[in-house]
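K.L.:
Chains as they are written, first to last, in the working numbering: chain A, 402 to 626; chain B, 402 to 626; chain C, 402 to 626; chain D, 402 to 626; chain E, 402 to 626; chain F, 402 to 626.
For the record, the hints were derived by calculation from the structure and aren't laboratory data. Mixed in with the good hints there might be a few duds.
Once the Cα atoms are required to be at most 20 Å apart in a straight line, the calculated EDC-like pairs of lysine to aspartate or glutamate come out as [stated by the list, open to error]:
1. D:Lys476 with D:Glu519
2. C:Lys411 with B:Glu551
3. A:Lys557 with D:Glu414
4. F:Lys601 with D:Asp610
5. D:Lys557 with A:Glu449
6. D:Lys411 with A:Glu551
7. D:Lys557 with A:Glu464
8. B:Lys511 with B:Asp470
6 protein chains.
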Amino acid sequence: MIIGVPKEIKTREYRIGMTPAGVRQLVAQGHTVLVETRAGEGSGLRDEAFTQAGATIAQSASEVWHRADMVMKVKEPLPAEFEYFRPGLVIYTYLHLAAEPVLTRKLIEKKVRAVAYETIQLPDGSLPLLRPMSEVAGRMAVQAGATSLEKWRGGKGVLLGGVPGTRRGRVAILGGGVVGRNAAKIAIGMGAQVTVLDVKSETMDYLEDIFGGAIETLYSNPANL
Amino acid sequence: MIIGVPKEIKTREYRIGMTPAGVRQLVAQGHTVLVETRAGEGSGLRDEAFTQAGATIAQSASEVWHRADMVMKVKEPLPAEFEYFRPGLVIYTYLHLAAEPVLTRKLIEKKVRAVAYETIQLPDGSLPLLRPMSEVAGRMAVQAGATSLEKWRGGKGVLLGGVPGTRRGRVAILGGGVVGRNAAKIAIGMGAQVTVLDVKSETMDYLEDIFGGAIETLYSNPANL
Amino acid sequence: MIIGVPKEIKTREYRIGMTPAGVRQLVAQGHTVLVETRAGEGSGLRDEAFTQAGATIAQSASEVWHRADMVMKVKEPLPAEFEYFRPGLVIYTYLHLAAEPVLTRKLIEKKVRAVAYETIQLPDGSLPLLRPMSEVAGRMAVQAGATSLEKWRGGKGVLLGGVPGTRRGRVAILGGGVVGRNAAKIAIGMGAQVTVLDVKSETMDYLEDIFGGAIETLYSNPANL
Amino acid sequence: MIIGVPKEIKTREYRIGMTPAGVRQLVAQGHTVLVETRAGEGSGLRDEAFTQAGATIAQSASEVWHRADMVMKVKEPLPAEFEYFRPGLVIYTYLHLAAEPVLTRKLIEKKVRAVAYETIQLPDGSLPLLRPMSEVAGRMAVQAGATSLEKWRGGKGVLLGGVPGTRRGRVAILGGGVVGRNAAKIAIGMGAQVTVLDVKSETMDYLEDIFGGAIETLYSNPANL
Amino acid sequence: MIIGVPKEIKTREYRIGMTPAGVRQLVAQGHTVLVETRAGEGSGLRDEAFTQAGATIAQSASEVWHRADMVMKVKEPLPAEFEYFRPGLVIYTYLHLAAEPVLTRKLIEKKVRAVAYETIQLPDGSLPLLRPMSEVAGRMAVQAGATSLEKWRGGKGVLLGGVPGTRRGRVAILGGGVVGRNAAKIAIGMGAQVTVLDVKSETMDYLEDIFGGAIETLYSNPANL
Amino acid sequence: MIIGVPKEIKTREYRIGMTPAGVRQLVAQGHTVLVETRAGEGSGLRDEAFTQAGATIAQSASEVWHRADMVMKVKEPLPAEFEYFRPGLVIYTYLHLAAEPVLTRKLIEKKVRAVAYETIQLPDGSLPLLRPMSEVAGRMAVQAGATSLEKWRGGKGVLLGGVPGTRRGRVAILGGGVVGRNAAKIAIGMGAQVTVLDVKSETMDYLEDIFGGAIETLYSNPANL
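Assemble the whole structure, with the sequences as input and the hints as a guide.
P.N.:
Next comes the structure, spelled out in structure tokens:
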């Protein structure tokens, strides 16, 4: 199968749909991987990294979309990409169709077979392709919050972990799932006093198992919030 | 030298001035150790434990005091023991003379050579014989506090560590020295949210080194208290 | 629905069937919550706390039982409460019917719809309303044990964590489920040397994952016991 | 003594020379504390906080400087403040005179008694008033570094702790003193792989004692750098 | 039932199919346990340990095999033991039949009912009798690896944990299941810098939960390997 | 100064007196460093590593000893090296003269200025060049002990950390100084149940600070031993 990887065109999207490691695995299984030139630039990956892994470099987005049997992306296709839709084309990406009625209609109209990463489920109901996003989100959230508390950025001038002899910052995290647990890790690591609110006692129990006395869990109800 | 170990006679004092291990060390160095019969009872140590270590059992307090060159005790001598004082006798015990003017006068009068454990200093100024007492005090304090919070003992019905989904107990510890650090260990271990107040930033820094995010240190001043 | 919360009348039962936070949630969903005056006293909750959350205060147990469609309690109804039973009344509480044949007959006779907290199961077979009780039980057990080892309470004079230079207390815990794991947390935290005996290697493996070298697990068989 | 606390006038200096807690302590010792109005604004402290602690509010910097026997500040006096210098006045602040020849001459000329926080030494040679600055510096450094690695701020798009399945960020810290140790705490806490370079094996040994396997220490020489 | 435990005859196999604790449990349930004399020798267990637990000692392997209804072993039967096979005999041991075609034929021919430990499954598909083997394997692997790095055994002269000021050893573990997780525990404990490669993000997430910053997880693909 | 680094000639001594990093530092300070060819072989360091750092390679031990003003080694000179001794030559190495009367006489006779690493003291009395040796010794000791417990090497067949459900190995460490503390780290890390015996309560207190409940400290006396 020819698998195409075009450069993302959404503003502030620096990622790419496949790493050289992914290329290597697919090529080893007999597929052809077609990567648009400079598609990896935003992630610090040069074309050579992809050719060394066995990819072919395409000179334009158009080439990738036309030759590929399946296109692997990060973000949903934008209007500029609708023209490449054709019956039988497979698109594999984060789609979030609920928020994109125009895109949805186009995909149906052109009989594209679109697979949304965010809907892929394992037999136990878990969503494996959302988990890494959640992990990044949880960890980044605390870093972003810590930064925005800095005085010179307009914050309150609070250092999350304080220093010996001063109060530590208080961090409340709603929900102790993948996002919340990863946020808790970083918040604890930065020295904050962390409270996680959740409604499932099993989840809270697990958080106390792994974080010990470094965390407080609290039943999430209107009074506690 | 003949070293005598009488049974403690103070109310609620279950300890004894020397363990069988201590007997063994002194006997190995050529001393005679004379232990009053049943002196170890309060600590669960039978006479045989002392004889196996090389001690001689005396049948009365009077025998111990009269034959011994040095008496090793736990607590200060009580009036009933003043009659045994004599010039040249060495008494080695916790004395706390400041609180005991009568005892002090008696010791001087009878020319007893009394050495108070609590005043023994190492070259660096530390008090090695008070340290274990401080360690016990710090650890017991939290245990006693936790117990007195129990509802059926008249407390507020607070469990120090709470359980997942509920607030943990708050413990404030004044001073991060030997007592405070040992209290903090147990309080953290029982799951409480612990704040140690101190005025030395070096001490607070060390507490954060060893306890990490499980503790908050706070500068001790009237406002924080 | 009118939900009634009478004061508990069992000796030494200081709890109450609903907190103000619970009241707030139910009122927000359109229910009326009727709390007997001073029902929260044993938990340090005054009537105002309940009225501020939206509850109505009833002046007697009788009023609560008669007006309520559903009564929420902590402990099983006592004989003095049997007179309030009536067809259609819902009682939601810890019942432990196996130990209460008289109560069981009364409930059947009066066609009360009684739901026992302890029997509520999630689809995976877990008992969510027993878990917090187990957590409290496990944590309290070690605290109670530590206290009863104190010399002046008639114990052996053992401090669970010892102090540097002395033996630590040994704690053996039978079963590594919710109760055992919570007991282990506190016992480790108090500095004891902890052994958990269980028959499921998966359970023991998890305990070693979260407690690391601070615990020893042992296969539970007659020889080890 | 009348102790004056003027508002800091240096750009981006939001701190104040004394907190309300400090005021309370000095007033309790019989001193008069004169705080310039709005001096605490940058730290989120209103005039009332100071008056409640016992301070008197002065309406201008000039009033503070003229009435005070001792002025407590954060930063070195700026040229606009030189006019207030007078023989016998005590100034207590961070001075860093080596970098300020004009200020130095003015202080000598006007016979001001200036005490630089950064030069105050304890008998053991440590600098207690620099330690908290070092602690803040070390902790902020990692937070600032983590932020500047974010893609949208022009960084390499590296998350210090990575997420499961990806490489963690590498952080090298030169020197394992107060700054370095505090930087290491936050870097470890954010999930980075941390190496501290130092030349004193005692320092590195201590870091491994408190951080265990979460850190690597390396002898600092040209080859390792 | 008569349960027989012969001495293992495979070279370097020091284990025995049942411990005295196992004997005690089976005897308590009414079975007769017949242990070959000196069968426990390799594990440091003398015949008396088994008789005290209720076993009968047999003087030869032949006696055990002939009298037993079920034989419990560690390793697969060797040719010298084939002669004892008979219809209806139950053998309970690690069999690994895939590697043993001759043994397989013999078992079928003689209508032996052989149960292989390694194939016993719980309802959730886990293999409880392989887990302890995996735990031992994972822990031993690192110990063996550390040893074989010693210079005088022909290794590279690398100490896994290094010492302060030197690089730590790097350990890469393929797979984060039972074997890998146990290997990681020991490798981290010995001070190495540990990377676990796996393909399941849930597994890697759990490893980071329990090991915190002491481990790096990496997606296992040809590029990372 | 010309500094010479000959190849070590003692049996089983694979180390070398200076690493390329050390060469770089000394050359940067204006010294000439003369390294015997293949001297780094035992440590996996080729001649090029030294020349790249600025060293000159000598073709024989004789050349190194004759041209050098100071010789840096690891182990004490052996008889084959005595012939190179001459007045004014400086030798800097581990000497352990107490065990080497012949060497001592030779050094005096030939007026060599020998500096023993093991005797170099800092103002606080610590021995900085023995510390790394002690760290290696402590860590290796446990690894060696763990290995020698393996059954097939003639040991008792004990795995230090056991596995879930079995007893862990017991490790007793005499002395909690640098050697003991490093041994404790590895022993705890391998999962053993560790007891450190010492006589200084300050030392034991520090061990409990950094190892928490993972260790037991015990006063070292004949009874406990």
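K.L.:
All hints, please: hold or fail.
P.N.:
Status of each hint after checking the structure:
1. D:Lys476 with D:Glu519: The hint holds at about 11 Å.
2. C:Lys411 with B:Glu551: holds, 18 Å
3. A:Lys557 with D:Glu414: holds, 14 Å
4. F:Lys601 with D:Asp610: holds, 19 Å
5. D:Lys557 with A:Glu449: Satisfied, since the Cα-Cα distance of roughly 19 Å is no more than 20 Å.
6. D:Lys411 with A:Glu551: It holds: about 18 Å lies between the C-alpha atoms, which stays within 20 Å.
7. D:Lys557 with A:Glu464: violated, 29 Å
8. B:Lys511 with B:Asp470: Distance ~15 Å between Lys511 of chain B and Asp470 of chain B Cα, so the pair holds.
The structure fails hint 7 only (numbered hints given earlier).
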